[in-house]
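K.L.:
What follows is the residue order along each chain.
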Amino acid sequence: MLRFIIKRVLVALLTLAAIDVITFGVFFAVPSSPAAVMCSKNCDEARLARVNAALGLDKPKLDQFIDFNKGLVFGRDFKVGDKADHCPAPCLGYSFRTSEAVTKVLGRGLPITVSIVIGAFILWMIVGVSLGVYSALHRGTFADKIAIGLSLVGASMPVYFFALILLGIFVFSLKFFEFPHFVSITENPLLWAKGLILPWLALTFVQAAGYARYSRSQMLETLSEDYIRTARAIGLPKRTVHMKHALRAAITPVITLAGLDLGVFLGGVAITETIFGMHGIGWQSVNAVFDLNLPVVMGTVLIAAFFVVVSNTVVDVLYAFIDPRVKLS
Amino acid sequence: MGTAEVTKPTGSDEPYLKVNDLRVRFETEDGVVKAVDGVSFSVARGRTLGIVGESGSGKSVTSLTIMGLHNPGRTKITGEILVGGRNVVSMRDEDVRKLRGNDIAMIFQDPLSSLHPFYKIGKQIVDAYKVHHPSASKAEARKRSIEMLDRVGIPEPQRRFDNYPHEFSGGMRQRAMIAMALVNDPKLLIADEPTTALDVTVQAQILDLLNDLQKEFNSAIIMITHDLGVISQIADEVLVMYAGRVAEHGSVEQIMKMAQHPYTWGLLESIPSLHGDPTVDLRPIKGNPPSLIHVPSGCAFHPRCPYRMMNPGPCDIDVPELLPVREAGHKVSCHLPEERRRNIYRDEVSEVGVAQ
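Chain order of the listed sequences is G and F.
For the record, in the first sequence the residue sitting at position 186 is 186 according to this note's numbering, with numbers rising by one throughout.
Here this note's numbering runs 329 ahead of the position in the second sequence, where the first position is 1.
Extracted from the complex, chain G is given alone in its bound form (with noise of 0.2 Å):
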């Protein structure tokens, strides 16, 4: 067990690792200048000069590698402006438009994020999973009818359209909402939820189609399974035979999709954020990436690719553990 996990985690450094030198290079790789962007109109060279030397963009492409990862592993000393400025482990550098710490940065943008993935994956799981299991329930009913259907118009729905329809709904024509805004929950979490009930909808109506649909068709694979057949045979109850025994193997993959798709979520959700005036991270990484803003892009890369890999080997190491059949080794 021990040695499954320690392999696991080695892998996922590895692949950190990998997706940083390769969001390093492509950076590069694309014909941009960063310090044009900053430098103003009437630009000359001594002044694209200066504010390249400034941005540490004038060393060598291997150097300024080594030193960004020097830096998040060991932190790194910066000159801002005039004086001097220590930016601990792990310093992902400094904004090149705001001149603050990345992980700064992406610590106002994080809690934003988080509150409304979770919020809205709780929301999409709850809703999906138990329309799906009442649908292969009650199979070829009007409501098995009435719920797929629903769920091909969630599933075939971009987010940022429905998103709309609800902000035209409930902020413009009834006015129930005013227009979502993020407060922390430490501050009012009665207004954090409220804050963020809109684009939960928008989330969960989208998501929870797809994971209704899944688990539909996980639970009437299962329910035609022998040892379902065998659990009446010995007498048990429909209701045993169905949430205990048919359930227990119909979530199981459910649960697994459900833990990559946290991962790639909580990366960052750009049109959501986008649409809902939230800046979170994922709206952070669009517009690094339009400012060309090299620290910014990396920091929120990254730590998308950290959401993904932990919620990929966390999955990998559940599945042994609901699945007695999987072996770690």
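Since the hints were derived computationally from the structure, they do not count as laboratory data.
Glycine is no exception: its CB is placed at the ideal position from the N, C-alpha and C atoms.
A hint or two may mislead.
Derived DEER-like restraints, expressed as beta-carbon distance ranges [to be verified]: (1) S217(G) / E356(F): 19 to 29 Å; (2) R488(F) / I66(G): 49 to 59 Å; (3) V326(G) / G360(F): 40 to 50 Å; (4) H495(F) / P237(G): 21 to 31 Å; (5) P632(F) / P158(G): 52 to 62 Å; (6) D424(F) / E221(G): 54 to 64 Å; (7) V326(G) / G375(F): 26 to 36 Å.
We have chain G already, so just place chain F on it with the hints.
P.N.:
Chain F in isolation, oriented as in the chain G frame:
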């Protein structure tokens, strides 16, 4: 408790299970499937009835209907299934459920897929026990389950109790299935091809085990199989089914040694025998089992029957009745005259396959 002893005491000569003119139909998009079409038989405690037939002959549907495991939404059942004097067909679902696993138990073909992969063997047996003994304590249920594992010949039952199905071999799994089926002392055990997925040597062990357990528990057994070899080892009586109907019904000697239905002959001729002449070819039954939606007219076997009488009829026109022949208890549904059937068996069939 309370639920366990509701059944009326049955006299030893009164069969525990009586099936009268059972008809099972499924509605499908392609038409009505006549899976079982007028089948009658009975099994007494301590006796074994073998039901033989190809896939699609209605043998498995018959057993699932007795258990009440059919899909009630699309299945139409007429006739009677009397279990200990009570008619299962007209019973409420909840009452049939209490019968299942308690008075009637079932074991299935593939023990790996029939056991839940996520639950330990012991837990699954405990579940089977506790559902019909709700007042039993955990320790009692565990003790009873280990006893049963021991009884069906699983070594180190204490330790094996905590194994998962995938950690058992095929034969051990089927033993565990049998332990699970017998944990509540059922009066009727239905075994649906219990040895088909097993090695031949393990097959023999499992059949021996079933024989022993039957003596010990005095249960009635229905053995469903397509393998006449299995039947000859375990059955007292045999029901040969074809296209949802009974082709022939008799004691195991009558079916194995003086069969009178061309379909039974076909089954006998297609199985090699250790004692026979190795140079004589086996004779497989030509053609395929019929569709149960469009059952052939008259005798359902007539398109495949080498002895059919047609132009004019009766084999393709009239459905033959299941009629008694000279020996008591032997019934055959065939239009051929009895003398002719006897001659054919003597001259042509008894030379081939296991029939000798």
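K.L.:
Is the distance from the Cβ of R488(F) to the Cβ of I66(G) consistent with 49 to 59 Å?
P.N.:
holds (57 Å)
K.L.:
At the C-beta level, are S217(G) and E356(F) separated by a distance inside 19 to 29 Å?
P.N.:
Given a distance of about 24 Å, which is inside 19 to 29 Å, the answer is holds.
K.L.:
26 to 36 Å was suggested as the range; check whether the CB atoms of V326(G) and G375(F) agree with it.
P.N.:
violated (45 Å)
K.L.:
Against the range 54 to 64 Å, how does the distance between the Cβ atoms of D424(F) and E221(G) compare: consistent or not?
P.N.:
Roughly 30 Å apart at Cβ, these two residues miss the hinted range, so it is violated.
K.L.:
For the hint 21 to 31 Å, verify it against the beta carbon of H495(F) and that of P237(G).
P.N.:
About 27 Å separates the Cβ atoms of H495(F) and P237(G), which means 21 to 31 Å holds.
K.L.:
Could you tell me whether the CB distance from P632(F) to P158(G) stays inside 52 to 62 Å?
P.N.:
holds (58 Å)
K.L.:
Against the range 40 to 50 Å, how does the distance between the Cβ atoms of V326(G) and G360(F) compare: consistent or not?
P.N.:
For V326(G) and G360(F) the Cβ distance comes to about 44 Å; the hint holds.
Hint violations for this structure: numbers 6 and 7, all remaining hints satisfied.
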